[in-house]
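Taking the hints into account, I'd like the entire structure generated from these sequences.
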Amino acid sequence: PRFQSSILQSYASISTLDDSISLFNHMVKRFQTHPSFSLDRSTCHVLLSKSCDSPDPDLSHVHKVLNLMVSNGVSPNSGTVDIAVRGLCSVDRVDDAVLLLKELSLKHSKPDTYTYNFLVKCLCKTRSLSTVYSFIDDMRSNFGLSPDLVTYTILIDNVCNSKNLREAMRLVGVLKDCGFKPDRFVYNTIMKGYCVLSRGSEVMEVYNRMKEEGVEPDLVTYNTLIFGLSKSGRVKEAKKFLRVMVASGHVPD
RNA sequence: UACUACACUUGUUCCC
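Residue numbering for the first sequence follows this note's numbering, starting at 47 and increasing by one per position.
Just so you know, the hints here were simulated from the structure itself, not pulled from any lab data. Be careful, since some hints might not be right.
With a straight-line Cα cutoff of 16 angstroms, these simulated EDC-like cross-link-like pairs (lysine to aspartate or glutamate) come out [as the list claims (entries may be wrong)]:
#1 167 to 141
#2 209 to 248
#3 167 to 128
#4 148 to 104
#5 167 to 149
#6 227 to 184
#7 156 to 184
#8 167 to 138
#9 227 to 258
Label-pair restraints from in silico Cβ distances [claimed, not checked]:
#10 265 to 207: 16 to 24 angstroms
#11 297 to 123: 42 to 50 angstroms
#12 121 to 299: 45 to 53 angstroms
#13 99 to 250: 43 to 51 angstroms
#14 299 to 59: 36 to 44 angstroms
#15 61 to 189: 35 to 43 angstroms
#16 220 to 78: 52 to 60 angstroms
#17 242 to 264: 13 to 21 angstroms
#18 189 to 298: 39 to 47 angstroms
#19 215 to 59: 15 to 23 angstroms
Keep in mind the model is a prediction, meaning the values are calculated, not measured. Positions of the beta carbon are idealized from the N, C-alpha and C atoms, including for glycine.
As structure tokens, this is what we get:
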């Protein structure tokens with residue numbers, strides 16, 4: 047199976063989807079006469095990945111491959127969903143990815159947290175915040191999928207990049223209400239947000255709260271603070287953190 | 001099948 051995936055993969059990279067499907071069908075026939083071989087999921091996934099590249103407005107190519115899979119006894123699982131979502135997003139078909147994700151969730155399998163968060167990040171980069179929030183609400187109410195701490199970090203980073211620290215802090219409140227505790231990633235992200243706004247006192251407040259909560263600063267924390275404070279002209283404080291960093295056993299990189 | 005090595009999937013700094 048590994049071998050046939052490789053063959054198909056190489057072939058798919060230099061040919062059209064239909065030619066790849068022909069080869070796939072040829073393989074199916076061959077394997078029917080050789081019981082020691084089987085068509086596995088990864089062989090099907092090669093085709094699926096290929097089918098995302100071609101611009102078909104109604105996802106017909108993707109559906110063609112999915113039907114082929116099912117008729118060969120391989121039912122789509124969360125790995126299948128992952129391949130399709132990444133394939134579509136890699137050619138900027140984020141809306142199609144969302145549609146397919148919902149369809150597959152209903153008919154076959156829900157996404158895992160990796161796929162879900164990957165898609166949330168793609169949406170953040172390319173769509174409005176309200177679009178992202180409706181996607182999250184939709185997934186929660188219709189599919190029982192809730193955001194996790196990684197999701198919140200993605201959202202907080204996104205709003206920080208739009209300099210909307212008020213919304214970032216609101217999200218921290220929401221995340222706590224959901225029973226999560228901010229970790230290094232969340233604290234580092236927020237400090238970065240305040241750094242780019244040159245809000246030095248808020249940076250320090252967050253830094254102190256992080257330590258109070260027992261979350262240890264790491265290399266990323268120090269890099270964020272040293273770069274961020276230097277850029278906003280607070281070189282003295284930045285230098286202080288460089289000393290703290292070395293004193294706590296980190297090596298400046 | 002086991003072991004080992006290598007590679008591999010979602011979030012923060014720097015690099016790009």
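**16 angstroms limit on alpha-carbon distance, applied to hinted pair residue 227 and residue 184** = 24 angstroms, violated
**Asked** Does the Cβ distance between residue 242 and residue 264 fall inside 13 to 21 angstroms?
**Response** Cβ of residue 242 to Cβ of residue 264: about 20 angstroms, so the range 13 to 21 angstroms holds.
**Prompt:** Okay, residue 220 versus residue 78 on CB: inside 52 to 60 angstroms?
**Reply:** Holds: the Cβ-Cβ distance is about 54 angstroms, inside 52 to 60 angstroms.
**Asked** Has the hinted range 42 to 50 angstroms been met by the Cβ atoms of residue 297 and residue 123?
**Response** At roughly 43 angstroms between Cβ atoms, residue 123 and residue 297 fall inside 42 to 50 angstroms, so the hint holds.
**Range agreement (Cβ of residue 207 with Cβ of residue 265, hint 16 to 24 angstroms)** = 21 angstroms, holds
**Request:** Measure nothing beyond the straight line between the CA atoms of residue 227 and residue 258; if it is 16 angstroms or shorter, mark the hint as holding.
**Result:** Holds, because 13 angstroms separates the two Cα atoms, which is no more than 16 angstroms.
**Holds or violated: residue 148 to residue 104, with C-alpha atoms at most 16 angstroms apart** = Holds. Residue 148 to residue 104 sits at ~15 angstroms (cutoff 16 angstroms).
**Message:** With the threshold set at 16 angstroms, check whether the alpha-carbon distance from residue 167 to residue 149 stays at or below it.
**Reply:** Distance of about 20 angstroms is beyond 16 angstroms: violated.
**Message:** So if I understand the rule, the pair passes when the alpha-carbon distance is 16 angstroms or less; does residue 167 with residue 128 pass?
**Reply:** Measuring from Cα to Cα gives roughly 14 angstroms; hence the hint holds.
**Pairwise hint evaluation, residue 184 against residue 156, where the allowed Cα distance is 16 angstroms at most** = 13 angstroms, holds
**Request:** Starting from the range 15 to 23 angstroms, see whether the pair residue 215 and residue 59 falls in it by beta-carbon distance.
**Result:** Cβ of residue 215 to Cβ of residue 59: about 47 angstroms, so the range 15 to 23 angstroms is violated.
**Prompt:** Should the hint that residue 99 and residue 250 are 43 to 51 angstroms apart at their CB atoms be regarded as holding?
**Reply:** Holds, since residue 99 and residue 250 (Cβ atoms, about 49 angstroms apart) stay within the stated range.
Violated hints, in rising order: 5, 6 and 19; the structure is consistent with all others.
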